[in-house]
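S.K.: The lines below spell out each chain.
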Amino acid sequence: GENVEQHPSTLSVQEGDSAVIKCTYSDSASNYFPWYKQELGKRPQLIIDIRSNVGEKKDQRIAVTLNKTAKHFSLHITETQPEDSAVYFCAASTKNRDDKIIFGKGTRLHILP
Amino acid sequence: DAGITQSPRHKVTETGTPVTLRCHQTENHRYMYWYRQDPGHGLRLIHYSYGVKDTDKGEVSDGYSVSRSKTEDFLLTLESATSSQTSVYFCAISERTGAETQYFGPGTRLLVL
Chain A
1 GENVEQHPST
11 LSVQEGDSAV
21 IKCTYSDSAS
31 NYFPWYKQEL
41 GKRPQLIIDI
51 RSNVGEKKDQ
61 RIAVTLNKTA
71 KHFSLHITET
81 QPEDSAVYFC
91 AASTKNRDDK
101 IIFGKGTRLH
111 ILP
Chain B
1 DAGITQSPRH
11 KVTETGTPVT
21 LRCHQTENHR
31 YMYWYRQDPG
41 HGLRLIHYSY
51 GVKDTDKGEV
61 SDGYSVSRSK
71 TEDFLLTLES
81 ATSSQTSVYF
91 CAISERTGAE
101 TQYFGPGTRL
111 LVL
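If you read the protein sequences in the order shown, they are chains A and B. Under the numbering used here, residues 1 to 113 are what the first sequence spells out, in order. Under the numbering used here, residues 1 to 113 are what the second sequence spells out, in order.
Don't take every hint at face value.
[Stated by the list, open to error] Label-pair restraints from in silico Cβ distances: (1) K58(A) / P8(B): 24 to 32 Å; (2) N3(A) / D62(B): 36 to 44 Å; (3) G16(A) / K53(B): 30 to 38 Å; (4) A70(A) / S65(B): 36 to 44 Å; (5) L40(A) / L111(B): 35 to 43 Å; (6) D59(A) / G3(B): 21 to 29 Å; (7) H41(B) / E15(A): 41 to 49 Å; (8) S18(A) / H41(B): 40 to 48 Å; (9) E56(A) / T17(B): 48 to 56 Å; (10) G40(B) / G16(A): 42 to 50 Å; (11) T77(B) / A70(A): 23 to 31 Å; (12) Q81(A) / T13(B): 18 to 26 Å; (13) K53(B) / A70(A): 35 to 43 Å; (14) S26(A) / P39(B): 37 to 45 Å.
Just so you know, these hints were derived from the structure itself, not from any lab. Quick reminder that beta carbons are idealized off the backbone N, C-alpha and C, glycines included.
Using the sequences and the accompanying hints, generate a full structural model.
M.R.: This is the structure in structure tokens:
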């Protein structure tokens with residue numbers, strides 16, 4: 001089945017700098033790649049997603065890139081702010097079915113003042 | 001937040017006792033999911049449902065069963081709770097498939113002594 005690896009597990013970034021989180025997936029048939037943000041004590045919430053027919057997608061300070069050949073995708077956060085501190089999860093849809101997604105293990109992002 | 005509630009929000013139980021967690025939605029979404037979240041493991045899918053009385057297993061289904069008799073309710077049962085099932089349980093819903101935005105409930109914190 002699908003396997004999603006996420007790196008790093010922890011990331012500390014100075015406020016105002018950029019943060020990059022990377023994920024790899026195993027199933028070349030996967031076609032949907034969402035990113036979720038979970039603040040401390042809260043529920044996960046979708047922040048951006050990308051489908052396999054697109055190489056890059058942006059939403060204000062957040063962007064996601066997808067390299068289908070290499071089977072990896074990345075989340076880029078620019079001009080980081082204190083409210084960006086959270087755990088971020090990547091995920092990928094499963095082979096030949098759109099019923100479910102498999103999550104990576106998460107990256108805890110700390111924004112340093 | 002989408003109209004998703006979970007009950008109870010917190011529960012302490014003893015090993016060997018049965019436990020049922022309830023997820024209720026008011027969005028009329030077709031898909032419903034149960035995840036568990038543990039440190040270092042991210043979000044792992046337990047079971048999911050793609051319609052009334054239609055369910056399937058996820059990555060970590062052993063020791064859990066589910067039922068969905070109505071569109072709005074998805075029940076997760078631990079037949080005989082074990083300490084390894086101590087976790088935070090999240091319910092999620094999506095409208096048509098798993099390969100689109102999943103909206104998470106507030107979570108249930110379960111402690112098995």
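S.K.: The structure should be examined with respect to each hint, and the outcome stated for every one.
M.R.: Tested hints:
| no. | hint | in the structure |
| --- | --- | --- |
| 1 | K58(A) / P8(B): 24 to 32 Å | 41 Å, violated |
| 2 | N3(A) / D62(B): 36 to 44 Å | 19 Å, violated |
| 3 | G16(A) / K53(B): 30 to 38 Å | 52 Å, violated |
| 4 | A70(A) / S65(B): 36 to 44 Å | 39 Å, holds |
| 5 | L40(A) / L111(B): 35 to 43 Å | 19 Å, violated |
| 6 | D59(A) / G3(B): 21 to 29 Å | 25 Å, holds |
| 7 | H41(B) / E15(A): 41 to 49 Å | 29 Å, violated |
| 8 | S18(A) / H41(B): 40 to 48 Å | 28 Å, violated |
| 9 | E56(A) / T17(B): 48 to 56 Å | 50 Å, holds |
| 10 | G40(B) / G16(A): 42 to 50 Å | 30 Å, violated |
| 11 | T77(B) / A70(A): 23 to 31 Å | 42 Å, violated |
| 12 | Q81(A) / T13(B): 18 to 26 Å | 41 Å, violated |
| 13 | K53(B) / A70(A): 35 to 43 Å | 41 Å, holds |
| 14 | S26(A) / P39(B): 37 to 45 Å | 24 Å, violated |
Against the hints set out earlier in the document, violations occur for numbers 1, 2, 3, 5, 7, 8, 10, 11, 12, 14.
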